[in-house]
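Given the sequences, and given the hints that come with them, work out the whole structure.
Residue numbers (this note's numbering), protein chains in the order written: chain C, 1 to 476; chain U, 477 to 677.
Calculated from the structure, these hints are not laboratory results. Using N, Cα and C, we set each Cβ at its ideal position, and we do this for glycine too. Incorrect hints may have been included.
Claimed, not checked - Computed spacing ranges between beta-carbons, pair by pair: (1) C:Pro341 / U:Ser614: 46 to 52 angstroms; (2) C:Leu316 / U:Asp612: 19 to 25 angstroms; (3) C:Ser285 / U:Val527: 47 to 53 angstroms; (4) C:Arg266 / U:Glu667: 22 to 28 angstroms.
Unchecked claim - Reference listing, derived: stretches of chain U covered by chain C, where coverage requires no fewer than 3 residues with Cβ under 8 angstroms from a Cβ of chain C: (5) 488-498; (6) 558-568; (7) 662-668.
Unchecked claim - Below, a sample of chain U positions facing chain C; criterion: calculated Cβ distance under 10 angstroms: (8) Gln507; (9) Ala511; (10) Leu522; (11) His541; (12) Gly550; (13) Phe579; (14) Phe583; (15) Ala675.
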Amino acid sequence: MAPSLTLFDKVWNDHVVTQRGDGQTLLYVDRLYVADDILPDVFPSVLDRGVPMRRPERSFGTPDHYIPTTKRRFDADDDAERRGMVETLERTAARTGMTLFGLDDPRQGIVHVMGPEQGLTLPGSTIVCADSHTSTHGAFGAFAFGIGFSELSHVVATQSLWQRRPGTMRIRIEGTLSPGVCAKDLILAIIGRIGVGGAAGHVIEYAGGAIARMSMEGRMTVCNMSIEAGARGGMIAPDETTIAYLADRPFAPKGVLFDKAAAAWRRLASDPQARFDREVALDASALSPMVTWGTTPEDAIGIDELVPDPDLIVDLVRREHARRALAYMGLSPGMRLSGLPVDCVFIGSCTNGRIEDLREAAAVIAGRKVVVPSFVVPGSGLVKRQAEAEGLDRIFKEAGFAWREAGCSMCIAINGDAVPAGQRCAATTNRNFVNRQGPGARTHLLSPAMAASAAVNGCLTDIRQQPAPRSFAWSA
Amino acid sequence: MEPFERLEARALPMRGANIDTDRILPSRFMQKPRADGFGRYFFHDLRFDAVGAERPDYIVNNPAHRDARILIAGENFGCGSSREQAVYAVFDYGFRAVVAPSFGDIFYANALKNGLLPVVLPGMEIEALFAACEADPSTRLAIDLQNLRVSRSGQPDLPFAIDDFNRQLLLTGQDEIAFTLGLADEISTFEELRRAHSAWL
Ligand code: SF4
Numbered sequence: 001m002a003p004s005l006t007l008f009d010k011v012w013n014d015h016v017v018t019q020r021g022d023g024q025t026l027l028y029v030d031r032l033y034v035a036d037d038i039l040p041d042v043f044p045s046v047l048d049r050g051v052p053m054r055r056p057e058r059s060f061g062t063p064d065h066y067i068p069t070t071k072r073r074f075d076a077d078d079d080a081e082r083r084g085m086v087e088t089l090e091r092t093a094a095r096t097g098m099t100l101f102g103l104d105d106p107r108q109g110i111v112h113v114m115g116p117e118q119g120l121t122l123p124g125s126t127i128v129c130a131d132s133h134t135s136t137h138g139a140f141g142a143f144a145f146g147i148g149f150s151e152l153s154h155v156v157a158t159q160s161l162w163q164r165r166p167g168t169m170r171i172r173i174e175g176t177l178s179p180g181v182c183a184k185d186l187i188l189a190i191i192g193r194i195g196v197g198g199a200a201g202h203v204i205e206y207a208g209g210a211i212a213r214m215s216m217e218g219r220m221t222v223c224n225m226s227i228e229a230g231a232r233g234g235m236i237a238p239d240e241t242t243i244a245y246l247a248d249r250p251f252a253p254k255g256v257l258f259d260k261a262a263a264a265w266r267r268l269a270s271d272p273q274a275r276f277d278r279e280v281a282l283d284a285s286a287l288s289p290m291v292t293w294g295t296t297p298e299d300a301i302g303i304d305e306l307v308p309d310p311d312l313i314v315d316l317v318r319r320e321h322a323r324r325a326l327a328y329m330g331l332s333p334g335m336r337l338s339g340l341p342v343d344c345v346f347i348g349s350c351t352n353g354r355i356e357d358l359r360e361a362a363a364v365i366a367g368r369k370v371v372v373p374s375f376v377v378p379g380s381g382l383v384k385r386q387a388e389a390e391g392l393d394r395i396f397k398e399a400g401f402a403w404r405e406a407g408c409s410m411c412i413a414i415n416g417d418a419v420p421a422g423q424r425c426a427a428t429t430n431r432n433f434v435n436r437q438g439p440g441a442r443t444h445l446l447s448p449a450m451a452a453s454a455a456v457n458g459c460l461t462d463i464r465q466q467p468a469p470r471s472f473a474w475s476a
Numbered sequence: 477m478e479p480f481e482r483l484e485a486r487a488l489p490m491r492g493a494n495i496d497t498d499r500i501l502p503s504r505f506m507q508k509p510r511a512d513g514f515g516r517y518f519f520h521d522l523r524f525d526a527v528g529a530e531r532p533d534y535i536v537n538n539p540a541h542r543d544a545r546i547l548i549a550g551e552n553f554g555c556g557s558s559r560e561q562a563v564y565a566v567f568d569y570g571f572r573a574v575v576a577p578s579f580g581d582i583f584y585a586n587a588l589k590n591g592l593l594p595v596v597l598p599g600m601e602i603e604a605l606f607a608a609c610e611a612d613p614s615t616r617l618a619i620d621l622q623n624l625r626v627s628r629s630g631q632p633d634l635p636f637a638i639d640d641f642n643r644q645l646l647l648t649g650q651d652e653i654a655f656t657l658g659l660a661d662e663i664s665t666f667e668e669l670r671r672a673h674s675a676w677l
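Shown next as structure tokens:
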């Protein structure tokens with residue numbers, strides 16, 4: 001009898017080139033994604049040794065971190081360092097022959113939005129990128145993970161990486177998400193439960209009815225934030241939703257080959273008897289819309305809950321963290337977040353910059369006006385086009401949102417878009433770290449609908465108590 | 477990469493769990509040239525106030541810890557962003573080893589590849605090291621990578637583990653690429669097999 005394998009086991013086993021005596025495996029890399037945050041000496045550290053890039057045809061680059069979102073170019077008086085980072089990527093692509101979706105290409109976007117959109121991210125593959133949110137691509141049943149520059153150099157030279165096999169962890173989410181509660185709330189609740197180190201050394205498989213009913217966009221949001229629980233990766237078994245998403249994507253296989261691939265993808269799901277090193281279960285129907293109150297993604301509570309009181313936290317390290325976090329965030333113990341005034345709103349990022357996210361946000365604001373500066377930054381040029389084709393841009397602009405070009409923007413605040421010091425931002429991003437959205441910025445992570453609601457109300461609100469959205473059917 | 481064999485030095489006790497790489501190296505310095513060194517950005521926003529003056533109450537600025545070359549940290553050190561510049565910052569500031577109960581996975585891998593030795597010790601032992609270095613900042617620790625031991629005078633040695641191959645690379649200062657390039661034939665064989673059974677990849 002064949003052994004029972006998990007989804008992760010199947011993908012891993014399929015990529016083993018060889019093993020080393022110390023237990024490390026040489027894992028083949030199917031795709032390398034490259035963004036514009038690579039320091040200029042990384043590729044030359046390999047290429048200048050006379051070692052060519054082994055598989056440029058497996059590499060795809062696009063600028064996202066350092067680019068302006070007010071226009072699709074750099075002008076003479078723009079910041080030279082930022083422009084230099086984008087030029088490094090362009091030079092690297094020209095030198096290696098990798099494919100580049102540059103600033104002049106509508107396919108340009110946040111690398112984790114571009115890959116799935118183009119059908120480059122495929123089930124059963126291994127994907128790496130020098131960016132921790134590479135875990136996003138696990139939504140397709142790929143083993144996708146972030147690496148550093150040294151590992152990137154190794155991939156450039158050998159199309160492979162030495163890895164120690166991580167542990168496996170299954171998070172089963174049964175039940176149906178309530179109206180107003182979405183994928184972002186689910187992943188925030190998971191991180192709140194298991195902690196920012198809760199999945200360290202493990203690859204998470206998300207399973208259960210709530211995941212099975214979720215769209216690919218929602219699944220990407222969930223897998224995207226796996227890294228915020230410390231996971232090596234997050235994965236979801238490919239199913240008919242996955243296969244339907246991939247059909248007709250530009251880089252996905254076509255015709256007979258697609259059917260052959262789809263048959264293989266259907267076999268990737270964990271076997272019924274497969275054993276995981278750890279199991280966690282969660283009831284989706286019990287969840288509220290989530291908001292973070294602190295400075296790590298695990299500091300997440302339901303909008304109807306109270307901010308914790310550090311004095312009541314037993315663990316000393318956690319108590320000290322909560323104390324500092326509340327001071328940084330300008331909040332007091334035991335207060336309600338609902339009704340808390342915000343200074344600005346940001347909708348975008350690789351967590352929530354996809355078309356479905358923009359639809360959910362637009363549905364909330366339709367016919368209303370923002371009362372604080374609010375920004376929508378689509379995840380890619382194609383998301384932007386699609387939103388414009390659907391008329392979402394008009395809804396945002398009429399409400400008073402700034403409608404920007406695709407990029408990372410205020411998620412990491414290194415392109416010139418930043419939250420001013422001391423200001424409170426309702427953001428659909430993934431990290432509420434100290435200074436992440438700019439020095440002194442106070443970030444509350446939440447869903448696109450909750451962010452949109454904050455924009456038109458000027459404060460954090462419980463989306464469930466807002467007027468019903470005009471044209472959006474809440475669904476799990 | 478600079479080889480690592482044995483290090484005896486003072487240690488900086490940095491308490492707090494889940495210290496993320498955004499804190500170690502704030503993102504707005506990520507694009508700085510490697511050649512100029514990242515030491516000046518090490519915990520920049522905690523070390524300096526808004527006008528660039530040192531914050532005297534921050535542990536890193538304590539003169540008693542200035543020449544520390546070992547960093548003692550809390551659990552999940554280096555979680556968050558994959559930026560290798562965070563390791564550059566720790567290394568360029570002068571540290572050659574970080575001792576903690578656990579690390580962010582990517583930080584751990586990045587550290588190994590830059591000659592910065594990550595040492596995992598049980599939380600109880602880290603607590604004892606914190607206490608010793610706080611009580612007497614001149615406390616010296618010795619880290620021996622040959623024998624996989626952390627020691628301090630008057631105390632039993634603390635054993636630690638690390639993958640053997642990584643240990644060899646650290647000891648010799650070599651990188652993995654040359655080693656893996658020697659396996660090019662295996663990689664080619666693998667690629668051919670894959671083309672046959674997963675042509676779409
Ligand atoms: S959107 Fe934010 S988290 Fe995602 S890749 Fe860009 S900077 Fe990183």
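Consistency of the hints with the structure:
A beta carbon spacing of about 50 angstroms between proline 341 of chain C and serine 614 of chain U agrees with the range 46 to 52 angstroms that was offered as a hint. Checked against the given bound of 19 to 25 angstroms, the beta carbons of leucine 316 of chain C and aspartate 612 of chain U, roughly 22 angstroms apart, stay inside it. At roughly 52 angstroms, the beta carbons of serine 285 of chain C and valine 527 of chain U sit within the given window of 47 to 53 angstroms. In this structure the hint that arginine 266 of chain C and glutamate 667 of chain U lie 22 to 28 angstroms apart at CB holds, the actual value being about 25 angstroms.
Proximity of the stretch 488-498 of chain U to chain C, defined as three or more residues with a beta carbon under 8 angstroms from a beta carbon of that chain, is established by the 6 residues found. Coverage of the stretch 558-568 of chain U by chain C holds. Counting CB-CB distances below 8 angstroms, 5 residues qualify, and the rule asks for three or more. Residues of the stretch 662-668 of chain U with a Cβ under 8 angstroms from some Cβ of chain C number 4, which satisfies the need for three, so the listed coverage holds. A hinted interface residue such as glutamine 507 of chain U counts as satisfied when its beta carbon comes closer than 10 angstroms to some beta carbon of chain C; here the least separation is about 5 angstroms, so the hint holds.
Taking 10 angstroms as the C-beta contact cut-off toward chain C, the hint placing alanine 511 of chain U at the interface holds, the least distance being around 8 angstroms. Here the hint on leucine 522 of chain U is kept, as its CB sits about 9 angstroms from the closest CB of chain C, short of 10 angstroms. A least Cβ separation of about 19 angstroms between histidine 541 of chain U and chain C goes past the 10 angstroms threshold, and the interface hint is therefore violated. About 6 angstroms separates the beta-carbon of glycine 550 of chain U from the nearest beta-carbon of chain C, less than 10 angstroms, and the hint is met.
The restraint placing phenylalanine 579 of chain U at the interface with chain C holds, with a minimum CB-CB distance near 8 angstroms, inside the 10 angstroms limit. With its C-beta approaching chain C no nearer than about 8 angstroms, phenylalanine 583 of chain U sits inside the 10 angstroms limit, and its interface hint holds. Hint status for alanine 675 of chain U relative to chain C: holds, with the closest Cβ pair at about 6 angstroms, below 10 angstroms.
Violated hints amount to a single one, hint 11; each of the other numbered hints is respected by the structure.
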